[in-house]
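K.L.:
Protein chains in written order, with the numbering used here: chain A, 1 to 202; chain B, 1 to 653.
Keep in mind that the hints were calculated from the coordinates and are not lab data. Treat the numbers as computed from the prediction; the structure is a model and nothing was measured. The beta carbon of each residue, even a glycine, is placed where N, CA and C say it ideally should be. Any given hint could turn out to be false.
Partial list, computed: chain A residues near chain B (C-beta under 7 Å) [unchecked claim]:
#1 Asn52
#2 Lys55
#3 Ile59
#4 Ala136
Derived DSSO-like pairs (lysine-lysine); straight-line CA-CA distance at most 27 Å [as the list claims (entries may be wrong)]:
#5 B/Lys511 / A/Lys55
#6 B/Lys272 / B/Lys316
#7 A/Lys55 / B/Lys516
#8 B/Lys530 / A/Lys45
#9 B/Lys530 / A/Lys132
#10 B/Lys530 / A/Lys67
#11 A/Lys163 / B/Lys516
#12 A/Lys55 / B/Lys530
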Amino acid sequence: MKKSRLIMVLSALLLLPLFVLPIWNITLEAPQYPDAIGMDIHINKFEDANPNDIKNINIMNHYVGMKDIPETIPEFGIFPKVILAMVALGLIAALIGKRRLYVAWFVVMVALGSAGMYDFYLWEYDYGHNLKENAAMKFTTPDGEPMAYQPPLIGSKVILNFKAISMPRGGAYLMFLGMGLSLAAFYIAKKEESHEADLAVA
Amino acid sequence: MKITIRNISAILGSCLLLLFVGCNQNGNGSGALGSDIAQRVYVAPGEHDEFYAFVSGGFSGQLSVYGLPSGRLFRVIPVFSVDAEKAYGFNEETKPMLNTSHGFIPWDDAHHPDLSQTNGELDGRWVFINGNNTPRIARISLSTFETEEIIELPNSAGNHSSSFVTENTEYVVAGTRFSVPVPQADIPIDEYKGKFKGAMSFISVDQETGHMDLSFQIMMPGFNYDLAHPGRGKSHGWMFFSTYNTEEANSLLEVNASQNDKDFIAAINWKKAEELIEAGEFDVMPSEYAHNVYDESTHSATSTIKRQVRVLDPSKHPGLVYFLPTPKSPHGCDVDPSGEYIIGSGKLAAALTAHSFTKMLDAIENEKFDGEAYGIPILNYDDVVAGVVQQAGLGPLHTEFDANGNAYTTFFISSEVVKWKLGTWEVLDRQPTYYSVGHLMIPGGNSRKPFGKYVLAMNKITKDRYLPTGPELTQSAQLYDISGDKMELLLDFPTVGEPHYAAGIPADLVKPRQTKIYRLEDNNHPYAVKNERDTRVERNGREVHIYMTTIRSHFAPDNIEGIKVGDKVYFHVTNLEQDYDVPHGISMIGANTSELLIMPGQTETFIWEPKKVGVWPFYCTDFCSALHQEMQGYVRVSPRNSNIQLKWSLDGD
Chain A
1 MKKSRLIMVL SALLLLPLFV LPIWNITLEA PQYPDAIGMD IHINKFEDAN
51 PNDIKNINIM NHYVGMKDIP ETIPEFGIFP KVILAMVALG LIAALIGKRR
101 LYVAWFVVMV ALGSAGMYDF YLWEYDYGHN LKENAAMKFT TPDGEPMAYQ
151 PPLIGSKVIL NFKAISMPRG GAYLMFLGMG LSLAAFYIAK KEESHEADLA
201 VA
Chain B
1 MKITIRNISA ILGSCLLLLF VGCNQNGNGS GALGSDIAQR VYVAPGEHDE
51 FYAFVSGGFS GQLSVYGLPS GRLFRVIPVF SVDAEKAYGF NEETKPMLNT
101 SHGFIPWDDA HHPDLSQTNG ELDGRWVFIN GNNTPRIARI SLSTFETEEI
151 IELPNSAGNH SSSFVTENTE YVVAGTRFSV PVPQADIPID EYKGKFKGAM
201 SFISVDQETG HMDLSFQIMM PGFNYDLAHP GRGKSHGWMF FSTYNTEEAN
251 SLLEVNASQN DKDFIAAINW KKAEELIEAG EFDVMPSEYA HNVYDESTHS
301 ATSTIKRQVR VLDPSKHPGL VYFLPTPKSP HGCDVDPSGE YIIGSGKLAA
351 ALTAHSFTKM LDAIENEKFD GEAYGIPILN YDDVVAGVVQ QAGLGPLHTE
401 FDANGNAYTT FFISSEVVKW KLGTWEVLDR QPTYYSVGHL MIPGGNSRKP
451 FGKYVLAMNK ITKDRYLPTG PELTQSAQLY DISGDKMELL LDFPTVGEPH
501 YAAGIPADLV KPRQTKIYRL EDNNHPYAVK NERDTRVERN GREVHIYMTT
551 IRSHFAPDNI EGIKVGDKVY FHVTNLEQDY DVPHGISMIG ANTSELLIMP
601 GQTETFIWEP KKVGVWPFYC TDFCSALHQE MQGYVRVSPR NSNIQLKWSL
651 DGD
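Make a model of the complete structure from these sequences and hints.
P.N.:
In structure tokens, the structure reads:
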């Protein structure tokens, strides 16, 4: 089997760890939380970074009117299917062995990833802006607007007494690696083809 | 001329400076200018102390927890006395902890904490402490810093030579300072001699749960058993008790118990006792004593009255007990880390007597006896003594050890700590205490592996040492650095109650064991509710049970109606929090009890018996959150004959 095909197989399989490892994480740091509290986001669930973290985030956030982090969201039904489909498509591409399919797979992954990030942003926006009317504490920004508590999409941001950090986790890094490998498979396949062409000429 | 004067003053100035520097070097590190002492006890904000010191509260009945070297107080653990701050002995869950065969007793006199050991080394599992007055032994968890178990001791009185832990925590051993008729009987007091007995109690400890069981008692002659320590290393399997009043006086003991030139250290072979128990050679004596156990999963204690105890009579079992003659009413009875030397501090003498365990075994084997007392062989003094520390001070009381073969003894009358050498018996150093020192403590000083960096001396009297506070003054502890050849006084800090004795342990052995929260799913309290949906109020005749929860920052329910005058209202409150250091409290106006202080995941109960019609508030007593002041509720109390039905709600739901 050609090296490029093997690499394409590997890149498709690198999506599977997403069923075990979190894809994203939001961590909140504050002096009175010497052990930071946080939430791991998987493709099918929210999980405490440490026991009871989500409960404690909810308790804290309810004072400013933020809603509880939901037990589940519709995306958790969709993401696993999409990932499995992309694994299957990647494997089929490797089986067919056409390098254009590799790059096509990559492009679809980028598109789906962007859609996922946009979806995540919408949720974060709603979570941070859609506050209960009867919140005990209502803070405003210096220009008098109601304060929002939206966590950053990626990176860190200071929200009141907390520093919120939003970063990809293991599952995402392996997925990125897989996507990179699909591009590598494309270029290697190209080399292999020109090498074969050379041989044919010779 | 001016220049000259300036020069002269400069020279004078430097001379003065030299004088000070000179002072520093010769001044033995005393005085603020002369040392870095402040730095050596300074633990910067946010930093942790190196050692925990568990300091008994004496007549406060509690155990306080300090950090060393800073001397900062972290917590007072309620043990034998009720504590309204923590609802200990006030809430329904902990009342059984203070039950005895004499009923509920809200106080005791807590004396000698001792830490659990494995292979003769501190292991950080539990600390034990004795209640002196109504004889009891308590076990405190070093995960929760709560009293988990208290066992009463029958046939005992003045439980002073207690609680000392053998080197694998096989037993916690307790003696009796006051001998009493055994079994108790209505007899004339002056029939003391021969009729009064001293019961030595061996309490076995379950290595998994820590649960204590009074395994057996050795019924000794009617002397006063003052202090004790277990053998270790080579002498493991033996227990040593100091005695006074071998005169068996029953009145004016200060004179009549001070007549004999020598009293005894009693050496008990508890391995032999175990064999006798195993072989069934014991008597079973009817008795009555309470055994109280706190269960972490139900957050509740139960008290059981036990009805019998196994007893061994040493006069019937040769080889079980020997007496080592020891001068002048020995008080402290301390065993060095190797287990070879047993130090008796003759408190009415100026000398310390060190017995040799090896010589003792030899004297036993060769029957070098000097008579007997109540059938117990008395070993010949000269055949067991290893050495005497002469003229070390006045009124020696207690000795602890470092890891380098040095011993440190307190002298009550001359108010000092004296350092001396095991084996050569020479005095190496002495430092004054302020004043009238009793016990001293070196972390691990009662084990095979002492951590000989500090000694903590505990004083009975402070007189002028602190800001005065009326006629009653604080007692104190003093910290000395013993890492060098000479001891150095570093710190002197006030204590809770009488700092009778202490046990110290490196913090690293305790910190990793800490319980941070109680898991809600593990809460098996019969009246626990795990979520707000299940909160409710139930009536059973005149009894009303409120199943209530707390979470930042409200109670559920917080409006209750349908209570009537004359009801007995039980508030069963579960703290739904699962975050570290977020307790909630609750108190009700007019409740004849203390507040509750409920840890995350815990359930506690108090009783309120409303006597007046009205609407009465309750509130959170522990500052829990930004909305703590809003954490409150109301109970409507109606007349006895009213028809108002039970009703409860939170935010109208």
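K.L.:
With reference to the structure, classify each hint as holding or not holding.
P.N.:
Structure-based check of all given hints:
no. : hint                : result
1   : Asn52               : holds (4 Å)
2   : Lys55               : holds (6 Å)
3   : Ile59               : holds (5 Å)
4   : Ala136              : holds (6 Å)
5   : B/Lys511 / A/Lys55  : holds (26 Å)
6   : B/Lys272 / B/Lys316 : holds (13 Å)
7   : A/Lys55 / B/Lys516  : holds (16 Å)
8   : B/Lys530 / A/Lys45  : holds (23 Å)
9   : B/Lys530 / A/Lys132 : holds (25 Å)
10  : B/Lys530 / A/Lys67  : holds (21 Å)
11  : A/Lys163 / B/Lys516 : holds (24 Å)
12  : A/Lys55 / B/Lys530  : holds (14 Å)
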